[in-house]
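2 protein chains.
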Amino acid sequence: MTTVLDKPFDLILFGGTGDLSLRKLLPSMYRAFMEDEIPQGSRILVCSRKQKDFDNTLSIIETAFKKFMLKDEFCAKSFKQFAKYIQPAMVDVADYQKGWGKFVTFFEGRESIPRIFYLAIIPSIYGDCCENLDRANLVTDDSRVVVEKPIGYDQNSAEAINQKIANHFKEEQIYRIDHYLGKETVQNLLALRFSNSLFEQFWDSKSIDHIQISINEQVGLEGRAEFYDGAGAMRDMVQNHLLQLLGLVAMESPNKMGADNIRTEKIKVLQALRPITGDDVKKYTVRGQYVAGNVEEKLEPGYLEELGSGTSQTETFVAIRANIDNWRWAQVPFYLRTGKRLKRRSAEIVIQFKNVSHNAFDADAGQLVPNRLIIQLQPEERMQLLLMAKDMTQLKTVLKPVKLDLNFTESSSGFKSFGYKRLLLDAIAGNASLFIHRDEGSAAWQWVDPIIDYWKENNVVPDLYRAGSWGPNESDELLAADKREWIDIEK
Amino acid sequence: MTTVLDKPFDLILFGGTGDLSLRKLLPSMYRAFMEDEIPQGSRILVCSRKQKDFDNTLSIIETAFKKFMLKDEFCAKSFKQFAKYIQPAMVDVADYQKGWGKFVTFFEGRESIPRIFYLAIIPSIYGDCCENLDRANLVTDDSRVVVEKPIGYDQNSAEAINQKIANHFKEEQIYRIDHYLGKETVQNLLALRFSNSLFEQFWDSKSIDHIQISINEQVGLEGRAEFYDGAGAMRDMVQNHLLQLLGLVAMESPNKMGADNIRTEKIKVLQALRPITGDDVKKYTVRGQYVAGNVEEKLEPGYLEELGSGTSQTETFVAIRANIDNWRWAQVPFYLRTGKRLKRRSAEIVIQFKNVSHNAFDADAGQLVPNRLIIQLQPEERMQLLLMAKDMTQLKTVLKPVKLDLNFTESSSGFKSFGYKRLLLDAIAGNASLFIHRDEGSAAWQWVDPIIDYWKENNVVPDLYRAGSWGPNESDELLAADKREWIDIEK
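Quick mapping for you: the protein sequence lines, in order, are chains A and B.
Just so you know, we're using this note's numbering here: the first sequence kicks off at 90 and counts up by one.
Just so you know, we're using this note's numbering here: the second sequence kicks off at 90 and counts up by one.
In isolation and in its complexed conformation, chain A is listed as follows (with noise of 0.2 Å):
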C-alpha cells in the first residue's frame, strides 16, 4: 500500500478544463508538487475540446485554484513552476478527426513512462475515448484509465460501458475511482482493524451488535437536477459509496494487504450480501424524499420545486437493513442510510458492540452503555471510541460514557487529507487497493437492481420528509423494529 513516485509519469487529463479537473484533480497535483512529490521529468496534459480552453488553459487553472483552494494554498511563485509540469492540448476525446494527430505526437519518445489516462468526462463517451487511444496506440502496457462514477444506471447499462473499456484496456489497468475511499480515515480503519488485535479478534457476530453506515447531505440538488432525477439516491450514493465503505468494514482479513487482496476480499462480502426481494423490500427499504423545511433556520424548498416538476417520484433518502450471509457476520444488520438536505452533513460508520454480558453494579452506578466505535468521514475525519469508566469527579461509583479521540492529533498535526490527492498519486504509482474491481461494481448493481425494479414495479411512492429532518418516520420505524435505533454521533 506504499504510493511514493519514484519515476516520471505521462497524466493526461481528459476533461482538463472542466469542474472536476479544475476543483480536484489539478488542486490534488499541485499540491503533491508542493511537497516534493512530483518526478522531474513528469507533465500534466490538460486536454480540452475548445480553442478557446486550450489557448487559455494556463490562465483558466490559475483562476481555479484562486477560488477553489484553500486559504493561504495558492503562491504565485510556486504556481509558474508548477506550470511547468503542465502540456495543454486540444482533443475531442470522441472524434478521432479532431487533433488527434497532433496529440500523439506529445508521445513520442516517451513509450517507457507510465500513462495515466483520466477521463474526466462523461461516461457515455468513455468508450469512444478508449478507442481512440487504442486507435492512436496509445495504450502501452504501462499504461493506466482512471474512470469516475457513476457508471451506467444498472447492471447492464454498467456491464456495457466495463465492456467498451475493456476492449483496450486489462482490467488491472483499469482504475475506477470511489473518493470516499480516498480518506485517510478508510485507510486507518484497514490499519486499525488489522494491526490492533484489540479490534480484529472482536470483529464478529459474537462481539459486534450490528453496524450503521450514513452518508447524510445537506445540500439539495446543486444543478445535478437532470442527472439526479435520472438516478436517484441508490444509483447515486447507496450503489457506490455506501456498499464500498460496507465492504471495507465487513470484509475478511486478506492475505496481503495488496490492491487484489483486498479487492477479492470486497467484492466477497457483496458477494454474501442477502438478497432483498419481493415484499421484503418494502420490509427492509425505505425510500424518501424531502419536501420544504427548516435547514439550520432557513426554509428550504422541497424537492419538486428545486426541480421545478410536480410529478417525480425519485427517492431522495434511501434507508436499508441489510444483511450479510457468512459465517462471521451471521445476525449482524448492517443499516445504510443517506439522503439529501437531512438535518446535518455527515459521513459516518458507527461500529455498536454488544453490551457486557452481566452487569455486576448496582443500580445507581448508571446504566451501562455498549462500546461503540465511530468512524467518521464528513464533516471531519475522526475516530472515535466510546468507553464506559468510572466518574473520577464522585467518590461513589457512578459509569459513565467517555469519548475516547482515536484521532492521534497530536501525530497529524498540520496535516489536511486530501482524498483525490491520495487517489490520484495511487493510480499514478499503480496502487489498485482503494479502486473499484468491475466485478465489485457488478456484485452491487446486482443487489440493488431488484430493489429498484420493485419499487418500480410496484409504483412505491416515496415517504416524505421535512427538509432538516433526518429523513421520513420509516426510516426510524425500520431500527425500532429491531429495537435499535440511528445513533447521533453528535449527542
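You can't tell identical chains apart in this list, so a pair holds if it fits in one copy or across any two.
With a straight-line Cα cutoff of 27 Å, these simulated DSS-like cross-link-like pairs (lysine-lysine) come out: (1) K443 x K485; (2) K580 x K492; (3) K96 x K485; (4) K443 x K345; (5) K443 x K295; (6) K295 x K345; (7) K238 x K485; (8) K485 x K113; (9) K489 x K345.
The set of hints was computed from the structure by calculation and includes no laboratory data.
Following the hints, put chain B in place on chain A, whose structure we already have.
What follows is chain B alone, placed relative to chain A:
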C-alpha cells in the same frame, strides 16, 4: 460501591497525634469536611497518650496541616469550623488503667452511632487495644476497627495478630487497609474491566500475552531502617501491595460489586497462585540489594551505608515470575517487581496483549507493536491504551504505535485523588470492598513464606544493583528467559 456518609459517626484515631494520623488521616477528614461530606453530629476523637499532646492537640494538627497539605488547601477560617468536630482524648491503648475511665464517658448517649476505631499504632499492641475496647464495652454491633499493614512478618505471626483482633471484632467489622487500593485508577480498573465488553472479553490467556506489575521506589530507607531491615521488600511490598493489585487484575468477574463478592474473587486468585518452592525459587525469583549509585545525577549511598551495618542481606528489590493456575490465566506469566532506589518512582500495571495473529502489511509499513493497556498509579494516576494506527502524515501506509489517554482528564478536571480519604470514608460508611479480608492476607503469606524461607535456608545472597538503575541484571534475565522484557512506559 457507593460511599456517601448519610448519618453521624464517631471516628476514633488511636495514635491520633502520630505521623500517619497527622499526615494522612486528619487531612483526609479535613478534605471531606471541605467537600461537605461530614454529617452534622459526627466526631473525630484524636487520642494521644501524652499529656503534652493532649493539651495541644489542635495546634499540633494545625501545624501539621500547614506543613503537609497541598498549597492553598489550608484555610484558617475553615479549620476553625473543622476543629469543632475534633474531640481530644488521652488514653493509653495498651493499659486499661490509664485514661479508659474518662475515655468511656465520651460515648455515653451515643450507643447508636457507628464507631470507627482506627488503630494508627504499632501492630504489637493491636490485641491489647481491642481487648481494652471490649472490656470498656465500647464495641457495639455498629463498630468497626481499621488496621494498617504490615500485620505480622509471616503467616503465623499475622494469624496471631488477626486472632487477637478477632477475639473482639467479627471479621466483617475488621477493615485491613492497603492504601494502593484507594487510588482512583484502581477503582477505574474495576469499572473498565466490568463495564466494557471490549476489555472484559479480552481479559484472559487467549488475548493476553503477559502482565507486569511494578512498584518502583526512588527513595531509600527514609528513617525506617530498623523495621525495613527486619522485613525486606518481600514482606514490605510484595505480600500486600503487589499481590493485592494482582488480585484485582486477575480476579474473575464477581456476581456483584459488593465487598464480599470482590474479596471472594481476590482470595480465589491468591489461592490459585502456583507455589514457588525448592530450586524454582532461584529460577523464578530475583533478590536484590542496592549499592551506591547516581539517582537523578546525585550520588546516593548504598543500603549498607544507609543502614550503618556491614552485614545485612535483606533484599531491597524483588522480581518474581508468578503463575496463576486457573482456566483464565493458564500460560500467562505475571511479572512482579518492586525495589528501592530505582531509576524512577513509578507504580503500574501493564497488560500486554498478544499481537495480531497475522501481519498482512508490507515490511515497509513497519513493525507491529502488540496492544498494551497501562494502568499507572504513580507518580500520576492515569490509564493509557497503546494501539497501532496509520501515520496520517504520510501518504504511504506506515503504521506506528499511538498512546491513547484514558485519563478522561476533560471529565475530571480539577479532581485530585486522595487514596486515604477514599478508604477512610469507605470504612466509616461500612463499605469493605477495598479492604483486605483475613483470608486474603493468609493466602498471600502462604505463597510468600516458602520463598522467604528458601532464601534464608539456602542463604541466597541478594544480587547487587546500583542505586538509580532498574535493579540487578538478573531481573532482566528473568524476563529474557521468556523472550520478554520489562516495559519502560516512559519510552
